[in-house]
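S.K.: Spelled out, the chains give:
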Amino acid sequence: MQYKKYYYKYIIRLDPGEEIITSLKEFCMREKIKLGSITGVGAVNQATLGLFDPADKKYYEKELHGNFELAPIAGNISSMQGEPYLHLHANLGDKEQRSFSGHLNKAIVSATCEIIVDTIEGELERQADPKIGLNLLEF
Amino acid sequence: MQYKKYYYKYIIRLDPGEEIITSLKEFCMREKIKLGSITGVGAVNQATLGLFDPADKKYYEKELHGNFELAPIAGNISSMQGEPYLHLHANLGDKEQRSFSGHLNKAIVSATCEIIVDTIEGELERQADPKIGLNLLEF
Amino acid sequence: MQYKKYYYKYIIRLDPGEEIITSLKEFCMREKIKLGSITGVGAVNQATLGLFDPADKKYYEKELHGNFELAPIAGNISSMQGEPYLHLHANLGDKEQRSFSGHLNKAIVSATCEIIVDTIEGELERQADPKIGLNLLEF
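Chains as they are written, first to last, in our numbering: chain A, 1 to 139; chain B, 1 to 139; chain C, 1 to 139.
Any given hint could turn out to be false.
Stated by the list, open to error - Once the Cα atoms are required to be at most 27 Å apart in a straight line, the calculated DSS-like pairs of lysine-lysine come out as:
(1) Lys32/B / Lys5/C
(2) Lys9/C / Lys34/A
(3) Lys106/B / Lys95/C
(4) Lys34/B / Lys9/C
(5) Lys131/A / Lys62/A
(6) Lys95/A / Lys62/C
(7) Lys5/A / Lys5/C
(8) Lys25/C / Lys4/A
(9) Lys95/B / Lys106/A
(10) Lys34/B / Lys5/C
(11) Lys58/A / Lys106/B
(12) Lys25/A / Lys5/B
(13) Lys32/C / Lys5/C
(14) Lys34/C / Lys9/B
(15) Lys9/A / Lys32/C
(16) Lys34/B / Lys4/C
(17) Lys5/C / Lys25/B
(18) Lys9/C / Lys4/A
Stated by the list, open to error - Using C-beta positions, here's what the derived DEER-type ranges look like:
(19) Gly17/A / Arg126/C: 17 to 25 Å
(20) Glu31/A / Glu96/B: 35 to 43 Å
(21) Ala128/B / Tyr8/C: 24 to 32 Å
Simulated from the structure, these hints should not be mistaken for lab results. Backbone N, C-alpha and C fix where the C-beta goes; we use that ideal spot for every residue, glycine too.
With the rest of the complex left out, here is chain A (with noise of 0.2 Å):
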């Protein structure tokens, strides 16, 4: 992983064999990031992604292999018990262009991997909501 700062943003370039949301949390606590959004494309050769069943309260998740383009990863970072957390969801293309997307658990970059992170100045914790099943923005 390779970043500059920019003002508020950073630009971050992540490299094949990295994953995309472990690398992510770590820039973030190296930066003390604590609130802001994240937008990127890229392409990854294996992702996780997973739908949430309110009714039963998880999530199906599915991992998938392959070439697959990044159109878009989008999310955001808030913080839980004192570490930055990572909300994100991507859409995936194929070799037919068809599309897949869901909720992003992991994902491994294969070629590189483009991310503008936006930080916002400020907190917002997530605490777990047993009704719901998810770690919801508490404001």
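Given chain A's structure and the hints, the job is docking chains B and C onto it.
M.R.: Then chains B and C, alone, in the frame of chain A:
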């Protein structure tokens, strides 16, 4: 709906049962937001997606039912006849991670929906363009 | 193409027949934009989407014809050899709301296309990386 303002940006949480377009329009009226961008992730269990056909000058819509992840919702806020006007498109991922996308006319939150509104100082009006059949941004 | 500048952001309207990548590149040259992010929604009737295969180091492209909603178009502006360089990915929804996505090389506007360019002060160059086979952001 809960939200907090951070300088020029708002972070919004929509809750189960809330309709996204109506809720965001009401939010814009309450906060007197006339211009800005919208991006977000979340989960919905109903959505109306449309495709505009320039030949017929109308939208071909479909109402989708089931659990979907928004990956992502994106668009802009402008004004028309004194009211905030939202133009939003969405990409939805289902249980098999298949994607469905189009112009968003309605979406009901199933679990949570996290939206970032990045407001822009200034105004930009829409006007109906009879030749194209849409309400276009007029500069 | 029509547009207006709002502090660091531009709101752009592309019109029927305009090719998105060429139009945005010309816009960046005219406005001397060297760095920034691009997001947008709109409708196109032709698009060339590609998937990069890291093994072959080339893009596998397909030209799509028909009416599609951009949901969304996203990417960044950097520089290469003194010229603005656009890296854009797109997700397209068709008449049945099916999605197609990938690296965007060409797209013709059918009705309207609304783009927000969020410029960043500073510069970031790309360089060809022969090992990966892409023009990478060089920090």
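S.K.: Now tell me if each hint is right for this structure.
M.R.: Hint check results:
1. Straight-line distance between C-alpha atoms of Lys32/B and Lys5/C comes to about 21 Å, which keeps the hinted pair within the 27 Å bound.
2. Of the pairs offered as hints, the one joining Lys9/C and Lys34/A holds, with about 24 Å between alpha carbons and a cut-off of 27 Å not exceeded.
3. At most 27 Å may separate the alpha-carbon atoms for a hinted pair to count; Lys106/B and Lys95/C meet this at roughly 17 Å.
4. With a C-alpha separation of about 15 Å, the suggested pairing of Lys34/B with Lys9/C holds against the 27 Å cut-off.
5. For the suggested pair Lys131/A and Lys62/A, the alpha carbons sit about 25 Å apart, so the restraint of at most 27 Å is met.
6. The straight-line distance between the Cα atoms of Lys95/A and Lys62/C is roughly 9 Å, inside the 27 Å bound, and the hint therefore holds.
7. Taken as a hint, the Lys5/A and Lys5/C pair is honoured in the structure, with Cα atoms around 23 Å apart against an allowance of 27 Å.
8. The hinted pair formed by Lys25/C and Lys4/A meets the criterion: a straight-line CA distance of about 23 Å does not exceed 27 Å.
9. Under the criterion of a C-alpha separation no larger than 27 Å, the hint pairing Lys95/B with Lys106/A is consistent with the structure, at around 17 Å.
10. Proposed proximity of Lys34/B and Lys5/C is supported: the alpha carbons are some 15 Å apart, at most 27 Å.
11. Restraint check for Lys58/A and Lys106/B: satisfied, since their Cα atoms lie roughly 25 Å apart, inside the 27 Å limit.
12. Taking the CA atoms of Lys25/A and Lys5/B, the gap is near 24 Å; set against the 27 Å cutoff, the hint holds.
13. About 13 Å separates the Cα atoms of Lys32/C and Lys5/C, which keeps this hinted pair within 27 Å; it holds.
14. With a C-alpha separation of about 24 Å, the suggested pair Lys34/C and Lys9/B falls inside the 27 Å cut-off, and the hint holds.
15. For the hint pairing Lys9/A with Lys32/C, the CA-to-CA distance comes to about 20 Å; that is within 27 Å, so the pair holds.
16. Distance check on the hinted pair: Lys34/B and Lys4/C sit about 15 Å apart at the alpha-carbon level, within 27 Å; holds.
17. The suggested pairing of Lys5/C with Lys25/B holds, with an alpha-carbon distance near 24 Å, which does not exceed 27 Å.
18. At roughly 20 Å between alpha-carbon atoms, Lys9/C and Lys4/A fall within 27 Å of each other, so this suggested pair holds.
19. Under the hint 17 to 25 Å, the C-beta atoms of Gly17/A and Arg126/C, about 21 Å apart, fit the expected range.
20. For Glu31/A paired with Glu96/B, a C-beta distance near 37 Å keeps the hint of 35 to 43 Å intact.
21. Range check, Ala128/B to Tyr8/C: about 30 Å between beta-carbon atoms, so the 24 to 32 Å window is met.
Against the hints set out earlier in the document, no violation occurs for any number.
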